[in-house]
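Protein chains: 2
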Amino acid sequence: MKTDLVKNAAGRLVPVTVNGEPAVPYQGIGKYKPQKNKHAPRIATCADYPSDGNKLVPGLKEALVRAGIRNGMTVSTHHHFRDGDLVANQLFDAIHELGIKDIRWVPSASFPCHGYLIKYLEDGTIHHIEGSMNGPLGKFASEGKMRGTGVLRSHGGRYQAIQDGELKIDIAVIGAPAADPFGNANGLSGPSACGLLGFALADSQYADRVIVVTDNLVPFPCIPWQIQGNYVDYVVEVEHIGIPEKIVSGTTRITKSPDRLYLAELTARFCDVTGIIRDGFSFQSGAGGTSLAVGEYFRQIMKERGIKARFARGGSNKYLVSMLEEGLVDYILDGQTFDLEGVRSMAENPRHVWTSPFTSYNYHGKGNFAGMVDVVILGATEIDLEFNANVVSHSDGYLLHGIGGWQNCLFSKTVILPVPLFRDRVPVIRDRVTTLCGPGEMIDVVVTERGIAINPLRKDLLDKVKGTDLPIRTIAELKEEAEAVCGVPETSGVGDRVIAVVKWVDGTVLDSVWQVRT
Amino acid sequence: MKTDLVKNAAGRLVPVTVNGEPAVPYQGIGKYKPQKNKHAPRIATCADYPSDGNKLVPGLKEALVRAGIRNGMTVSTHHHFRDGDLVANQLFDAIHELGIKDIRWVPSASFPCHGYLIKYLEDGTIHHIEGSMNGPLGKFASEGKMRGTGVLRSHGGRYQAIQDGELKIDIAVIGAPAADPFGNANGLSGPSACGLLGFALADSQYADRVIVVTDNLVPFPCIPWQIQGNYVDYVVEVEHIGIPEKIVSGTTRITKSPDRLYLAELTARFCDVTGIIRDGFSFQSGAGGTSLAVGEYFRQIMKERGIKARFARGGSNKYLVSMLEEGLVDYILDGQTFDLEGVRSMAENPRHVWTSPFTSYNYHGKGNFAGMVDVVILGATEIDLEFNANVVSHSDGYLLHGIGGWQNCLFSKTVILPVPLFRDRVPVIRDRVTTLCGPGEMIDVVVTERGIAINPLRKDLLDKVKGTDLPIRTIAELKEEAEAVCGVPETSGVGDRVIAVVKWVDGTVLDSVWQVRT
Numbered sequence: 019m020k021t022d023l024v025k026n027a028a029g030r031l032v033p034v035t036v037n038g039e040p041a042v043p044y045q046g047i048g049k050y051k052p053q054k055n056k057h058a059p060r061i062a063t064c065a066d067y068p069s070d071g072n073k074l075v076p077g078l079k080e081a082l083v084r085a086g087i088r089n090g091m092t093v094s095t096h097h098h099f100r101d102g103d104l105v106a107n108q109l110f111d112a113i114h115e116l117g118i119k120d121i122r123w124v125p126s127a128s129f130p131c132h133g134y135l136i137k138y139l140e141d142g143t144i145h146h147i148e149g150s151m152n153g154p155l156g157k158f159a160s161e162g163k164m165r166g167t168g169v170l171r172s173h174g175g176r177y178q179a180i181q182d183g184e185l186k187i188d189i190a191v192i193g194a195p196a197a198d199p200f201g202n203a204n205g206l207s208g209p210s211a212c213g214l215l216g217f218a219l220a221d222s223q224y225a226d227r228v229i230v231v232t233d234n235l236v237p238f239p240c241i242p243w244q245i246q247g248n249y250v251d252y253v254v255e256v257e258h259i260g261i262p263e264k265i266v267s268g269t270t271r272i273t274k275s276p277d278r279l280y281l282a283e284l285t286a287r288f289c290d291v292t293g294i295i296r297d298g299f300s301f302q303s304g305a306g307g308t309s310l311a312v313g314e315y316f317r318q319i320m321k322e323r324g325i326k327a328r329f330a331r332g333g334s335n336k337y338l339v340s341m342l343e344e345g346l347v348d349y350i351l352d353g354q355t356f357d358l359e360g361v362r363s364m365a366e367n368p369r370h371v372w373t374s375p376f377t378s379y380n381y382h383g384k385g386n387f388a389g390m391v392d393v394v395i396l397g398a399t400e401i402d403l404e405f406n407a408n409v410v411s412h413s414d415g416y417l418l419h420g421i422g423g424w425q426n427c428l429f430s431k432t433v434i435l436p437v438p439l440f441r442d443r444v445p446v447i448r449d450r451v452t453t454l455c456g457p458g459e460m461i462d463v464v465v466t467e468r469g470i471a472i473n474p475l476r477k478d479l480l481d482k483v484k485g486t487d488l489p490i491r492t493i494a495e496l497k498e499e500a501e502a503v504c505g506v507p508e509t510s511g512v513g514d515r516v517i518a519v520v521k522w523v524d525g526t527v528l529d530s531v532w533q534v535r536t
Numbered sequence: 019m020k021t022d023l024v025k026n027a028a029g030r031l032v033p034v035t036v037n038g039e040p041a042v043p044y045q046g047i048g049k050y051k052p053q054k055n056k057h058a059p060r061i062a063t064c065a066d067y068p069s070d071g072n073k074l075v076p077g078l079k080e081a082l083v084r085a086g087i088r089n090g091m092t093v094s095t096h097h098h099f100r101d102g103d104l105v106a107n108q109l110f111d112a113i114h115e116l117g118i119k120d121i122r123w124v125p126s127a128s129f130p131c132h133g134y135l136i137k138y139l140e141d142g143t144i145h146h147i148e149g150s151m152n153g154p155l156g157k158f159a160s161e162g163k164m165r166g167t168g169v170l171r172s173h174g175g176r177y178q179a180i181q182d183g184e185l186k187i188d189i190a191v192i193g194a195p196a197a198d199p200f201g202n203a204n205g206l207s208g209p210s211a212c213g214l215l216g217f218a219l220a221d222s223q224y225a226d227r228v229i230v231v232t233d234n235l236v237p238f239p240c241i242p243w244q245i246q247g248n249y250v251d252y253v254v255e256v257e258h259i260g261i262p263e264k265i266v267s268g269t270t271r272i273t274k275s276p277d278r279l280y281l282a283e284l285t286a287r288f289c290d291v292t293g294i295i296r297d298g299f300s301f302q303s304g305a306g307g308t309s310l311a312v313g314e315y316f317r318q319i320m321k322e323r324g325i326k327a328r329f330a331r332g333g334s335n336k337y338l339v340s341m342l343e344e345g346l347v348d349y350i351l352d353g354q355t356f357d358l359e360g361v362r363s364m365a366e367n368p369r370h371v372w373t374s375p376f377t378s379y380n381y382h383g384k385g386n387f388a389g390m391v392d393v394v395i396l397g398a399t400e401i402d403l404e405f406n407a408n409v410v411s412h413s414d415g416y417l418l419h420g421i422g423g424w425q426n427c428l429f430s431k432t433v434i435l436p437v438p439l440f441r442d443r444v445p446v447i448r449d450r451v452t453t454l455c456g457p458g459e460m461i462d463v464v465v466t467e468r469g470i471a472i473n474p475l476r477k478d479l480l481d482k483v484k485g486t487d488l489p490i491r492t493i494a495e496l497k498e499e500a501e502a503v504c505g506v507p508e509t510s511g512v513g514d515r516v517i518a519v520v521k522w523v524d525g526t527v528l529d530s531v532w533q534v535r536t
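Chains as they are written, first to last, in our numbering: chain A, 19 to 536; chain B, 19 to 536.
Among the hints, erroneous ones may be present.
What the hints assert, rightly or not - Short, incomplete list of chain A residues facing chain B, as computed with Cβ under 10 Å:
1) Gly293
2) Arg296
3) Asn386
4) Tyr416
5) Gln533
Unchecked claim - Below, a list of computed lysine to any residue pairs in the SDA-like style, where the Cα atoms sit at most 25 Å apart:
6) Lys54(A) <-> Thr92(B)
7) Lys56(B) <-> Asn55(A)
8) Lys264(B) <-> Glu283(B)
9) Lys56(B) <-> Asp478(A)
10) Lys477(B) <-> Gly324(B)
11) Lys51(A) <-> Leu235(B)
12) Lys431(A) <-> Arg362(A)
13) Lys51(B) <-> Ile325(B)
14) Lys186(A) <-> Pro209(A)
15) Lys49(A) <-> Arg60(B)
16) Lys54(A) <-> Gly324(B)
17) Lys326(B) <-> Lys49(A)
18) Lys163(A) <-> Gly133(A)
19) Lys54(B) <-> Pro33(B)
20) Lys326(A) <-> Pro33(B)
21) Lys163(A) <-> Val236(A)
22) Lys51(A) <-> Gly458(B)
23) Lys326(A) <-> Ile241(B)
24) Lys51(A) <-> Ile87(B)
25) Lys431(B) <-> Gly324(B)
26) Lys431(B) <-> Asp66(A)
27) Lys56(B) <-> Thr63(A)
28) Lys54(A) <-> Thr63(B)
29) Lys431(A) <-> Pro68(B)
30) Lys326(B) <-> Glu495(A)
31) Lys54(A) <-> Lys431(B)
32) Lys336(B) <-> Ile241(A)
33) Lys56(B) <-> Gly183(A)
34) Lys54(B) <-> Leu479(A)
35) Lys326(B) <-> Lys163(A)
36) Lys477(A) <-> Pro68(B)
37) Lys54(B) <-> Pro52(A)
These are calculated hints, taken from the structure and not from any lab test.
We treat Cβ as the ideally placed atom computed from N, Cα and C, and that holds for glycine.
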């Protein structure tokens, strides 16, 4: 295995072939320039489709057979139903019943509910997974039990890989909370409403065959068509595609932890003092408790100053929606909705706009939205002294988290990571991250409960904090403080087999994830 | 020239090469099946675009130079500004000033205002035009004065040709009533508001370089993004892109001619008697005076019966908008807006949905909307005894009209052509149409002031009118009536040079347009 490894521009050992196909090692930010053309799907003709537009097929198995399912094919799903997804499990039950083997499954992400599929990884139905693996599937892969190599791509990177033909999908299976018999679909209504379907956009545009699966068939036209029926081959009606309470939360909640509230408050104060919060600015923060709290502190500051934001990027939630409705934010540009208020707002309010990984994140486009965001607040499992960060694995080597849009967001004008100095007595700031997900030159600020470290590359920010009462420290000082409490951590005991790779937004290989020693 | 001609499946003589490239003769409805892949544009990278998303360039000439304009390139524009377009003329002034020659111009249609460009056809700036030629440019081509062969494609056929790589666009120039510096654009606001920009969709997706030209620059994000900035290379601000009163009418008007009102009333009565007008039906009629009147008669019938339509396809206008607002129509699926009320409604009402030639008309998709429309009301310049129809040329051979979405609409469940028996004493029903635009098997009913002819293929309709008081005649009887008044027309005096071809919706060559003898 080691003969296939090279050291890339980030100094990480990565394989030059992944699952038998050549892979380009990471070359640096903006260094790799594609010299190819986009993937060109075959040309369809209306002559082969029902003239009345009715593409209904009785059952998923029948649709798979008509789509020509065969051993070794690549089949995709999306993760808008998060841990409430019922589509992928039904899909692989059907594939298993058909006796099909060795499927490459490319979900936009997988969740604990997909632990059900371990039996299909074990019996050969699924060959391997390319896509974020949250929880049990990540653990399964980390322990070396998955055939093939996992491939982790950011939301934008997944669009890029499909668009560029690196990731050719034979059959895309798209769960749709509302769909018409022609295949027009959206996520806005029905029992499994999830807001939008952007993670399946590339699949619909580029897959050879596209199956829409719905539990809420509506008469043509299904408006708006977030997925366009003109890309769809078959429509299948099933009883349930999701578990509503696990798809969107009825109650997103701000953290009550005093430590996290302090991190959030410090982050917001930093943005205020440095002039990032100004009239017409833009921001993105996640749906975690700390991120939500940052948004609330932003709200207070904006109200005090009498200013508003031009746009906020979602994941949306009730807090962001209320800022839109109060006029503190002109637009929400949303990639996924995390609660019922987000779904309601998106359905009702033309200023709550659904976006896609194409518009927001695809690095192989003529620009994208990521670079236009003034400040983004992200998490990390580990950060090193060069500001490199990890978001997918723990310090014990286990791959347990998805990569989401995290890498794509790093292109924001200012990237801030509010993190605790340690978790369960394991320091967050380290000599070397277990898995490199984001190159340090893209990460500007680390906010901890013991102070704020600014990347030395951001001289402008260092200038702006001079003479303020912000607790500015170096990242080395923060690391020492943590080690004074927890001791110097041992290096992780990973093995020597690559079980997954992390791609950069341009499709190059940024790092390897290694099998853990169990 | 004649050695290159073959007789196609419609019995028309067509060239096997057009402008030096091989062309497939028409093979019958649904007979030609493409065995290729879609056009694959080169892969772009964000590394080559401004990180802050600002793609503004000072002036159209500068944008053309940066886009690499060269002799012989293919340059496209759209026709949403109709006869009020100021973009194409400015564009070719700029190209002329740059000393560039032999441009293939592919407008989605050209209008009388583009008569200005004849000087550039004469001096070699423009080599030839591929796109509908309304008025003076059609006359210019008809008289054999254009180098190269014109290519007339339906709205759906133009999307198909661009998608399939038959028509490769080097530089697309997209006039946008509202646009942001990233290139997101729509037609909904600003002095040149035209409603939507669907005719430029394929250009944006598949052209090598895309320039957005606007007279109404708005801050990011321009919502909704009918054209997505992720496809756009450069944005140019100019003083004016259109003449508002020539783009959309302030007052669309129903015909007052008693003859035409009778045609409209008879058409509506036919639809009522045959059960086409029923609860949940769908219809499409154009913006001409007779078509508008048909819509009004539909309204009366629907109100009397207490029924509503599921959707109406636009071109929209104030009459259709009022039906939407009165709840007589659930949705308008609109391809272009013909008046200010249409623009207002599309901007305000989520049930007034903007569509594109991709969703509505592209024959090389996995279905399209055309076949789902219960009844479509269209015009024609000529119809023959087999129900073949012409919509682009007059009986004297002059090519004077665009083909629009006419061919695409023929896939509707019932196609009705209300036409006068003669115009200026020239009979409309003839032995042979001067130019074949629609095969007779696609055309179901011809309504004239002397009676209704039903295509013998539609036995179901013939059964339904039995025993009714509708004035049913054969098409031969209608022809004889006209000839009894006007005399038998002479066959047109066309020459033997092909000056343009009419493509079918699948990209095959349906007919030739011949030079007129002047």
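Hint check:
no. : hint                    : in the structure
1   : Gly293                  : violated (16 Å)
2   : Arg296                  : violated (14 Å)
3   : Asn386                  : holds (6 Å)
4   : Tyr416                  : violated (32 Å)
5   : Gln533                  : violated (33 Å)
6   : Lys54(A) <-> Thr92(B)   : holds (21 Å)
7   : Lys56(B) <-> Asn55(A)   : holds (11 Å)
8   : Lys264(B) <-> Glu283(B) : violated (29 Å)
9   : Lys56(B) <-> Asp478(A)  : violated (47 Å)
10  : Lys477(B) <-> Gly324(B) : violated (29 Å)
11  : Lys51(A) <-> Leu235(B)  : violated (31 Å)
12  : Lys431(A) <-> Arg362(A) : violated (30 Å)
13  : Lys51(B) <-> Ile325(B)  : violated (40 Å)
14  : Lys186(A) <-> Pro209(A) : violated (32 Å)
15  : Lys49(A) <-> Arg60(B)   : holds (17 Å)
16  : Lys54(A) <-> Gly324(B)  : violated (58 Å)
17  : Lys326(B) <-> Lys49(A)  : violated (58 Å)
18  : Lys163(A) <-> Gly133(A) : holds (13 Å)
19  : Lys54(B) <-> Pro33(B)   : holds (22 Å)
20  : Lys326(A) <-> Pro33(B)  : violated (62 Å)
21  : Lys163(A) <-> Val236(A) : violated (42 Å)
22  : Lys51(A) <-> Gly458(B)  : violated (52 Å)
23  : Lys326(A) <-> Ile241(B) : holds (18 Å)
24  : Lys51(A) <-> Ile87(B)   : holds (23 Å)
25  : Lys431(B) <-> Gly324(B) : holds (23 Å)
26  : Lys431(B) <-> Asp66(A)  : holds (17 Å)
27  : Lys56(B) <-> Thr63(A)   : holds (12 Å)
28  : Lys54(A) <-> Thr63(B)   : holds (11 Å)
29  : Lys431(A) <-> Pro68(B)  : holds (13 Å)
30  : Lys326(B) <-> Glu495(A) : violated (72 Å)
31  : Lys54(A) <-> Lys431(B)  : violated (43 Å)
32  : Lys336(B) <-> Ile241(A) : holds (22 Å)
33  : Lys56(B) <-> Gly183(A)  : holds (13 Å)
34  : Lys54(B) <-> Leu479(A)  : violated (54 Å)
35  : Lys326(B) <-> Lys163(A) : violated (59 Å)
36  : Lys477(A) <-> Pro68(B)  : holds (21 Å)
37  : Lys54(B) <-> Pro52(A)   : holds (24 Å)
When held up to the earlier numbered hints, the structure conflicts with 1, 2, 4, 5, 8, 9, 10, 11, 12, 13, 14, 16, 17, 20, 21, 22, 30, 31, 34 and 35 and fits the remainder.
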